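> For the sequence shown, the working numbering assigns the number 1 to the initial residue and increments by one for each residue that follows.
Keep in mind that the hints were calculated from the coordinates and are not lab data.
Computed from a predicted structure; not experimentally measured.
Derived DSSO-like pairs (lysine-lysine); straight-line CA-CA distance at most 30 Å:
#, residue 1, residue 2
1, K515, K487
2, K466, K87
3, K365, K383
4, K87, K487
5, K515, K87
6, K466, K515
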Amino acid sequence: MTNLAGLLEDSAWSFPDREAIILGDARLTYGQVNAAASQVAHLLTSRGVQPGDKVALSCPNLPYFSMVYYGILKAGGVVVPLNVLLKGREVAYHLADSEAKAYFAFEGTADLPIGAEAFAGFEGAPGCTDFFVITADPAAESPIAGASTLGQGMAGQAPKFDSVKVDDDDTAVILYTSGTTGQPKGAELRHRNMRDNALAGQDLFGADAVNPDTYLCVLPLFHSFGQTVIQNGAFAFGGTIVMLPRFEPAAALGLMLRESVTFFGGVPTMYWSLIGALDESTDVDRLAENLRVAVAGGAALPIEVHRQFQERFGVTVLEGYGLSETSPVASFSRLGSEVRVGSIGTPIPGVEMTLIDPSSWDELKAGDDVIGEIAIRGHNVMKGYYNRPEATWESISPEGWFRTGDLARRDADGWFFIVDRSKDMIIRGGFNVYPREIEELLITHPAVSLAAVIGVPHESHGEEIKAYVIPESGSTVTPDELIQWSKRQIAAYKYPRLVEVVEALPMTATGKILKRELR
1 MTNLAGLLED SAWSFPDREA IILGDARLTY GQVNAAASQV AHLLTSRGVQ PGDKVALSCP
61 NLPYFSMVYY GILKAGGVVV PLNVLLKGRE VAYHLADSEA KAYFAFEGTA DLPIGAEAFA
121 GFEGAPGCTD FFVITADPAA ESPIAGASTL GQGMAGQAPK FDSVKVDDDD TAVILYTSGT
181 TGQPKGAELR HRNMRDNALA GQDLFGADAV NPDTYLCVLP LFHSFGQTVI QNGAFAFGGT
241 IVMLPRFEPA AALGLMLRES VTFFGGVPTM YWSLIGALDE STDVDRLAEN LRVAVAGGAA
301 LPIEVHRQFQ ERFGVTVLEG YGLSETSPVA SFSRLGSEVR VGSIGTPIPG VEMTLIDPSS
361 WDELKAGDDV IGEIAIRGHN VMKGYYNRPE ATWESISPEG WFRTGDLARR DADGWFFIVD
421 RSKDMIIRGG FNVYPREIEE LLITHPAVSL AAVIGVPHES HGEEIKAYVI PESGSTVTPD
481 ELIQWSKRQI AAYKYPRLVE VVEALPMTAT GKILKRELR
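Required output: the full structure, derived from the provided sequences and hints.
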């Protein structure tokens with residue numbers, strides 16, 4: 001197996017009639033998902049997509065995501081998954097930066113018009129020549145004038161396709177991650193990066209193709225965690241994915257009971273919400289009887305949430321750590337081993353982790369009182385940032401170590417504990433938000449002279465986004481005006497919910513804003 005699409009193809013060959021995806025009352029077998037992916041591959045090649053061409057995808061947790069994802073891979077293309085919350089201007093940037101040739105986007109809803117925003121972005125990216133809107137009803141007409149539907153494109157296409165042979169080091173996926181410059185960068189992940197990471201993670205969790213797990217898919221599939229640990233991990237071992245397009249704790253608990261879910265993966269806020277949704281009518285005993293594995297990532301899981309989940313669900317949450325640049329998993333607590341609450345575990349097989357001096361690449365000696373920046377080397381580290389050689393050079397050493405920007409300590413047994421982030425990144429509800437992108441947006445408002453954005457503690461989201469703004473001389477603007485304006489300009493998870501208008505910001509003698517004083 002070389003092409004990442006082999007994860008689906010091998011399971012479809014071994015278990016064609018096994019359920020691969022469940023969404024509501026719809027139940028799709030591996031044979032059906034593989035056939036649909038083959039039709040997508042034929043569609044792309046008929047439109048001139050060549051091996052190595054980039055194809056973007058905006059879709060929530062629906063079977064279409066997997067069909068298109070593996071169809072792009074079968075055709076030899078590179079998948080560029082985009083956050084479904086992006087606005088048109090953001091979509092245009094991602095399409096242009098990735099040099100995408102084609103774009104698939106779900107139509108969305110009145111509250112979340114994914115298709116309309118996607119098409120607006122497509123029109124702003126002249127290099128992208130084909131747009132397909134994914135409709136909930138495959139036979140429906142296009143809701144967007146001038147756009148073809150996925151259903152129309154797949155009609156008449158053959159259900160079998162010989163996947164394009166690729167090299168292990170060819171790029172399979174480009175995952176966008178924000179940087180301190182404020183401009184998102186595309187992490188190029190090889191076929192072997194994504195494949196080996198999915199296999200290594202499932203091996204840790206005791207996956208078994210003979211007795212496969214049933215995975216509740218609430219993590220967004222456009223995100224690296226959901227993509228590798230849930231989708232690719234499940235398909236590698238013939239598991240069944242129960243999809244929930246939008247996380248709602250009561251609905252998630254209902255699906256866990258109805259479908260006898262054995263594997264749950266989520267960010268800390270999801271665990272917090274599940275515990276809060278339990279009531280006297282919830283069959284907690286059955287939940288605990290079914291659930292075999294629970295994994296968490298994206299942010300630190302509060303100790304009290306960890307304790308309560310274990311008490312109510314009968315499963316110890318395994319915490320892990322990773323980044324988009326590491327496919328994403330780098331470390332995890334071990335199934336069957338005593339878990340050290342608050343730790344991100346130890347490196348997964350085939351991966352090395354160490355601590356380095358944040359101001360250099362010098363490795364630090366281990367010790368409980370030693371804090372350093374995490375560096376990672378192994379099968380999971382990206383090829384580099386797409387079309388950004390300087391950023392790649394700054395992040396990856398000649399020896400293959402990737403510096404993460406995260407500060408940690410390591411105990412005598414090699415378990416890592418995150419201490420802080422040396423970068424300014426904010427993690428809101430599991431999504432990464434970089435302040436400078438928000439700051440650069442705010443100063444485009446005619447009444448704003450300067451802005452500084454930080455993360456502040458939040459009970460359920462982990463961190464909330466707060467902006468301090470200095471108004472232009474002679475101008476007046478209210479916090480609510482800026483919040484509502486930002487909401488229209490940028491993805492929902494990014495805009496600041498808290499704004500404070502100030503006369504000045506604390507600065508160094510050289511004019512650098514002292515964010516530690518704001519915090």
